[in-house]
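Using the sequences and the hints, build the whole thing.
So the protein sequences, as listed, match chains S and X.
Counting in UniProt numbering, the first sequence runs from 1 upward without gaps.
Counting in UniProt numbering, the second sequence runs from 1 upward without gaps.
Any given hint could turn out to be false.
One-sided and incomplete, this derived list gives chain X residues near chain S with beta-carbon spacing under 10 angstroms [what the hints assert, rightly or not]:
#1 R59
#2 A61
#3 L67
#4 D76
#5 A103
#6 S107
#7 V190
#8 G253
#9 F257
#10 L259
#11 Y265
Label-pair distances were calculated between CB atoms; the ranges are [claimed, not checked]:
#12 S/A231 - X/R201: 19 to 25 angstroms
#13 S/A231 - X/V211: 40 to 46 angstroms
#14 S/G199 - X/R216: 40 to 46 angstroms
#15 X/S107 - S/S144: 49 to 55 angstroms
#16 X/M192 - S/H146: 56 to 62 angstroms
#17 S/L173 - X/D149: 55 to 61 angstroms
Keep in mind the hints are simulated off the structure, nothing from the lab.
In this text, a Cβ means the ideal position worked out from N, Cα and C, and glycines have one as well.
In case you want the letters, here they are:
Protein chains: 2
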Amino acid sequence: MKSSYLLLLAFSTIATAYQTLDPLVLPRPLILEYPPGDDQIFHSDVGKEEVQLRCASWRFAGEANNLAPWKTVPADCGAYVKDYMTGKAYRFDLEMVADEAAAYARSVSLAGDCMDAWVFDVDETLLSNLPYYADHGYGLEVFSSHEFDKWVDKAMAPAIQSSLKLYEEILRLGFKIFLLTGRTEGQKIVTMENLKKVGFRDWKQLILRGVNDHGRTATMYKSEKRSEIVANGYRILGNSGDQWSDLLGSSMGNRSFKLPNPMYYIP
Amino acid sequence: MKSSYLLLLAFSTIATAYQTLDPLVLPRPLILEYPPGDDQIFHSDVGKEEVQLRCASWRFAGEANNLAPWKTVPADCGAYVKDYMTGKAYRFDLEMVADEAAAYARSVSLAGDCMDAWVFDVDETLLSNLPYYADHGYGLEVFSSHEFDKWVDKAMAPAIQSSLKLYEEILRLGFKIFLLTGRTEGQKIVTMENLKKVGFRDWKQLILRGVNDHGRTATMYKSEKRSEIVANGYRILGNSGDQWSDLLGSSMGNRSFKLPNPMYYIP
Numbered sequence: 001m002k003s004s005y006l007l008l009l010a011f012s013t014i015a016t017a018y019q020t021l022d023p024l025v026l027p028r029p030l031i032l033e034y035p036p037g038d039d040q041i042f043h044s045d046v047g048k049e050e051v052q053l054r055c056a057s058w059r060f061a062g063e064a065n066n067l068a069p070w071k072t073v074p075a076d077c078g079a080y081v082k083d084y085m086t087g088k089a090y091r092f093d094l095e096m097v098a099d100e101a102a103a104y105a106r107s108v109s110l111a112g113d114c115m116d117a118w119v120f121d122v123d124e125t126l127l128s129n130l131p132y133y134a135d136h137g138y139g140l141e142v143f144s145s146h147e148f149d150k151w152v153d154k155a156m157a158p159a160i161q162s163s164l165k166l167y168e169e170i171l172r173l174g175f176k177i178f179l180l181t182g183r184t185e186g187q188k189i190v191t192m193e194n195l196k197k198v199g200f201r202d203w204k205q206l207i208l209r210g211v212n213d214h215g216r217t218a219t220m221y222k223s224e225k226r227s228e229i230v231a232n233g234y235r236i237l238g239n240s241g242d243q244w245s246d247l248l249g250s251s252m253g254n255r256s257f258k259l260p261n262p263m264y265y266i267p
Numbered sequence: 001m002k003s004s005y006l007l008l009l010a011f012s013t014i015a016t017a018y019q020t021l022d023p024l025v026l027p028r029p030l031i032l033e034y035p036p037g038d039d040q041i042f043h044s045d046v047g048k049e050e051v052q053l054r055c056a057s058w059r060f061a062g063e064a065n066n067l068a069p070w071k072t073v074p075a076d077c078g079a080y081v082k083d084y085m086t087g088k089a090y091r092f093d094l095e096m097v098a099d100e101a102a103a104y105a106r107s108v109s110l111a112g113d114c115m116d117a118w119v120f121d122v123d124e125t126l127l128s129n130l131p132y133y134a135d136h137g138y139g140l141e142v143f144s145s146h147e148f149d150k151w152v153d154k155a156m157a158p159a160i161q162s163s164l165k166l167y168e169e170i171l172r173l174g175f176k177i178f179l180l181t182g183r184t185e186g187q188k189i190v191t192m193e194n195l196k197k198v199g200f201r202d203w204k205q206l207i208l209r210g211v212n213d214h215g216r217t218a219t220m221y222k223s224e225k226r227s228e229i230v231a232n233g234y235r236i237l238g239n240s241g242d243q244w245s246d247l248l249g250s251s252m253g254n255r256s257f258k259l260p261n262p263m264y265y266i267p
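Here it is as structure tokens:
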């Protein structure tokens, strides 16, 4: 029997494949009517598999910095992102990046003057806010700084274990560690408390957003702070962050490591 | 029954998870002995699922530019990469990137002086060499320029359909298109023949490696050529390529789009 199917999908690509040549900006829910076709091609299992693959494409596009700025996870990828974040895949991805970073760190020769530096972002790089995002749809909800700040004040974020192991190795190798976070100066005490409680130690400097940094993009703010680190004589050999805005801009350092994060985007 | 399992794996991450705290550089085959454990945890299906997830992590790490230079796909990811390249996932990933690029291209205002430019790489960006790589292990074999050149001379590479559609839209919007390829001047005629045969047309310039460009990295060669484009008065608004060496360096343009490619790496 020939029939058509309605499917709520967030992907312009499906629109272009089945309906029109006019792609749309993501994320944007679409109601699509599949053209009449063979039931075996369009039955619901294939629909589900396609959604999974489209969501994987969306996640890939984010990791490769191909996406335009976005505010929430596409509606139809909520379950996909939750599964990713709570299953093995996220942990394996984190471990892979940490291992690459550690291999690189061991491969470089330090000058021995204590001026070789590694920059780490904090949230979703050293500390995991997964308990918070579990209560807020894993990125399906629009970010609320008010709600998030309440979570930060609890100083209860667990360490990302692969990052903690990397951090220890970076320290052992003799790097000076700079923590460069989008958190504000007002959150300094709780941030230090949280970091120490879960095992991070001996950083050279924890840099937070001051009053003059509010309203600036993370790319601008972090570039300027990295430039100050360099101006103080340090050589940034490595930089780890879960956002491209942690890694791009000026004073980028010799090599960057992008940790996975499909839950939110910071420009 | 308690038992241990031998598994040939290419991942340092598995080594770190189960055996040692000393991560290793990828790609590097390891023989791992799983610790004694519950059969339900370590039976062969879980092993297979873990390999799939580790290979996905490896692919992700490549797309996010986290990997050190590599010469071949990790031995245990051969089947994974083949499945990815020949199934829907690769096509969906390509479509997602093309749609994002098209949405961006439509969003920018062209100056109307015919100096707004878009740069495209050729191999695995406009043309697909999948028929060649299907005969050469989808990246498992070490790249042979001698063998590959014979394939190029046939001028038989099909178009990547989503890229052809994007290309047409970019043209329609009024961009000047520059093709910037790692192919050599000696391959100019067959490359033009191949491109035209599958539907690409009206490029402003096809730039190939000259005798002075041999032995230089793609990043250096392509940066210099982009700088020449800019020196000639063009504004590079978009840049599409499947390698990070197509996109990074100088004169990077306003926005870049990284197409997926887990089969090979060009520095």
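| task | Just pull the numbers of the violated hints for me, sorted ascending. | result | 4, 7, 8, 11, 12, 15 and 17
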